[in-house]
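Single-letter residue listing:
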Amino acid sequence: MSAPAATIGAVGRTSRIPLPALAATSLVLVTTAIVFVFFVAPTDANQGFSQRIFYFHVSIAITAYACFAGAAWQAFRLLWKRDPLADLKSYVCVHQGVIFGTLVLITGSIWAKISWGRWWLWSSDQLVLFLVLFLFYCAYFMLRFSLDPGPQRANLSAVYALFGVVLIPVSFAAIRLAKDIIHPVVFTLHGPNFGGWILVTYCISQVAMLVLAYTLYRVELAGKQLDGRIRELREVLA
Amino acid sequence: MRYFRDVGALARKDLLLELRARDTLPAMVLFVAAVFVVFHFALPESPSRLETVGLLWVAILFTALLGLGRAFVPEREQRTLDGLVLAPCDRSAIWLAKSLATFAFLAAAEVVALPLYAIFFHRVGGATIAAVVLADIGICAVGTFLGAMAVATRARDLLLPLLFLPLAIPIVVGAVGASVVDSPGRYLGFLALYDALFAVVCWASFEYVVAE
Amino acid sequence: MLVARRLGKRFGEKRVLRGIDLDLATGGFLVVTGPNGSGKTTLLRICAGLAQPTEGTIERAVSRGAIGYLGHEPLVYRELTALENLELYGRLYRIAERRERIGMLLERFGLWEVRHERVASYSRGMTQRLALCRVLLHDPELLVLDEPYNALDEAGAELLDAQLAELRGERTFLLATHEPARLAPFASGRLALAA
Chain A
0 MSAPAATIGA VGRTSRIPLP ALAATSLVLV TTAIVFVFFV APTDANQGFS QRIFYFHVSI
60 AITAYACFAG AAWQAFRLLW KRDPLADLKS YVCVHQGVIF GTLVLITGSI WAKISWGRWW
120 LWSSDQLVLF LVLFLFYCAY FMLRFSLDPG PQRANLSAVY ALFGVVLIPV SFAAIRLAKD
180 IIHPVVFTLH GPNFGGWILV TYCISQVAML VLAYTLYRVE LAGKQLDGRI RELREVLA
Chain B
0 MRYFRDVGAL ARKDLLLELR ARDTLPAMVL FVAAVFVVFH FALPESPSRL ETVGLLWVAI
60 LFTALLGLGR AFVPEREQRT LDGLVLAPCD RSAIWLAKSL ATFAFLAAAE VVALPLYAIF
120 FHRVGGATIA AVVLADIGIC AVGTFLGAMA VATRARDLLL PLLFLPLAIP IVVGAVGASV
180 VDSPGRYLGF LALYDALFAV VCWASFEYVV AE
Chain C
0 MLVARRLGKR FGEKRVLRGI DLDLATGGFL VVTGPNGSGK TTLLRICAGL AQPTEGTIER
60 AVSRGAIGYL GHEPLVYREL TALENLELYG RLYRIAERRE RIGMLLERFG LWEVRHERVA
120 SYSRGMTQRL ALCRVLLHDP ELLVLDEPYN ALDEAGAELL DAQLAELRGE RTFLLATHEP
180 ARLAPFASGR LALAA
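Chains A, B and C, in that order, give the protein sequences. Quick note on numbering that gives the first Met the number 0: the first sequence kicks off at 0 and runs consecutively. Quick note on numbering that gives the first Met the number 0: the second sequence kicks off at 0 and runs consecutively. Quick note on numbering that gives the first Met the number 0: the third sequence kicks off at 0 and runs consecutively.
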C-alpha cells in the first residue's frame, strides 16, 4: 500500500520536470508566441491580418496529432508492458488531443469565415480530417463512459486509441482521393511561404503549443492520480 | 492448419445460428429495399449517377450496420462468449469467423440489393461489383471487431454506429470513387490497402477485446 | 496447481474481493462457501482465467485448454442442438475421438434421446446437465464449478455426485456452493468468503 503523496507535484512522478516550472515556461512561451504572431510576423500580402491565425491553426493541429500519437503509444505500452498507469496517460492524451482538435476546428472555421466568408470549407483537407478525428475520438469517450473502470475498459480504450492512429493517415489519403470525385472548389487554405520572421514566428508558436499541451497533460494526469489515491485512502478507512 | 479449422467450426456455428433464427438476413434485405424507395422520394427527378451511387453506398453501410449490430447478440445474451474465450484456440479466430459469417450475410443481402438498385436507378458496372467485394471485407472486418467492443458496454446498440462510422469513411470514399471514376484502379487499390491494414490490426488486437 | 496471494477485485467503486489467499494442490478438492454477494462467482471466474484481478497475483500450473468452467450460465447456444453444441466445443478443444466421447457423455447424463433437439426446448435441469457434458468434454485437469447443483433436478444431482466420486483424486476441483454438507465427503479444504 503506497503512502499518500504530500504535494501535487510529487504525485505524478512521471517526469523530473516540476509542474510549477513547466506552467511558468508555457505561460512565457504562449505570451511570446502571441506577441510574435500579432506584432512581429509580417502581414501577408494576399490575406492580410486574418492570416495570422494560421500560425496557431497549424501549430495546434500538429500538437493535436502529437497528443493522439502519444495516446497510441501509451495504449501500446498498456497492452504490451501491462503498465497500469498507461491507461490513465492514454486517456489524458486523448482528452488533450480532442481539446486541441476542437481548437483546430474553431481556428480553421474563423479563418475560413474571415478569408472566404464561409464558416466551413469541405475543400480544406486539414479541417475535414480533424472533423473525422473529432468524431472518432468523441466516440472514444462514449466508449469509455459506457464501461465500468477496470482492466476491460483499459484494454478496449487502448485498442481504440491504436485504431485512431492508424485511421489518421488512412483518412488523410481518403480525403485526398475524394477530391477527384467531387469537383474541387476554389477556396483552399494555403500555408504561408516560409522564410525569415515567418519561420521564426511559426516555430515559437509551435513550441509554445506543444509545451502548453504537455503542461495541461501533466496537470490533468496529476489531478486524476490524486483522485485515485483519495479513493484508495477512502477504501482503507472504510 | 488448426487455426483455420477453429475458424471453420466457429463460422459454421454462426451460419447455423442465423439459419435457425432467420431474422437478420430478411431484415437486411427488406431494409435495403425500403431505403431505396426512400431515396426515390428524397432525391430530385432523374438523379445523376454520382448522386445515386453515393446513396447506394450509404444504403449498404447502414444495412451492414443492421447486420453487425446483431452479430454478437447470441454471445451476449447467453454469455457464450465466455465459453469461446475459455477454449484453447486463438481468440482472433472468434473475430475472423464472425467476420466471415457477417460477410456472407452482407453479400447475400447485396445479391438482392444490387439488382434492385440497377432496376430502380442506374446500371451497376464491374468496377462497382469489385468495390462491393472489397468494401464488404473492410466493413465486416472492422465492424465485427467494433461490434465485439460495443457488446461489452452498457450502451451496446447505441455505440456501434458511433464507433463504426468514422472508420467507415475511407471505405465510402474508396467505394464511391471506384464506382464513379473512369479508371477505378486507384480507388480499388486504396480499398485493398484499407482492408489489409485494418484486418491486421483487428487480428492482432482482438485478444484484448474479449479477454481481460 | 493454483496459488493466489492477496487477490482483490474491484468493479468501479465496488470492492468485491479483498485479500484472498488460495492454495489448491493437484488432486485437491476446495469448496468455497459464502453468502450471496461475497464474491464466490468472481473468485471462480478469476481462477478459471475469465477475469483478471485488480490486486494480488494468481498462478496456474495448467494451460487454458485443461480448465473446465461451469458458471451460472450454461454457456451453450440455445438455438443449436445438444449435439451441435458439443461438436463445436469438441472441435475447439481438439478432442480425439470426438463423436465417441460426445455420445458417451450424452448417454451418461441422460440426454442421448434429445440430442437432436434445440437446447431452447430443454428444461433447466436438462440444460444444466448439458453444461456438465460441456465441462467434462475435454477431460480437464482443473474443474471450476460455480454452484453446479443449483439448476439440477434430483436425478441430475445424483449423476453429478457419481461423477465427482469418480474423478475425486484424479482431477483437481474448485467448487462454490450453498450446500457445503453435500460436498463434505469430497472436500479436502474449505474457503469461506465474507460478504
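Be a bit skeptical, because a hint or two may be false.
Cross-link-like lysine to aspartate or glutamate pairs, in silico, DMTMM-like; alpha carbons within 25 Å at most [stated by the list, open to error]:
#	chain 1	residue 1	chain 2	residue 2
1	C	K13	C	E78
2	C	K13	B	D181
3	A	K178	B	E76
4	A	K80	A	D124
5	A	K112	A	D124
6	C	K13	A	E234
7	C	K13	A	D124
8	A	K178	A	E234
Just a few of them, taken from the derived set where beta-carbon distance is under 8 Å, the chain C residues facing chain A [unchecked claim]:
#	residue
9	R93
10	Q162
11	H177
Hints were generated in silico from the structure; no laboratory data involved. These figures come from a predicted structure and were not determined experimentally. Note that beta-carbon positions come from the ideal geometry of N, C-alpha and C, so glycine has one too.
Hints violated by the structure (listed by number, smallest first): 1, 2, 3, 4, 7, 8, 9, 10, 11
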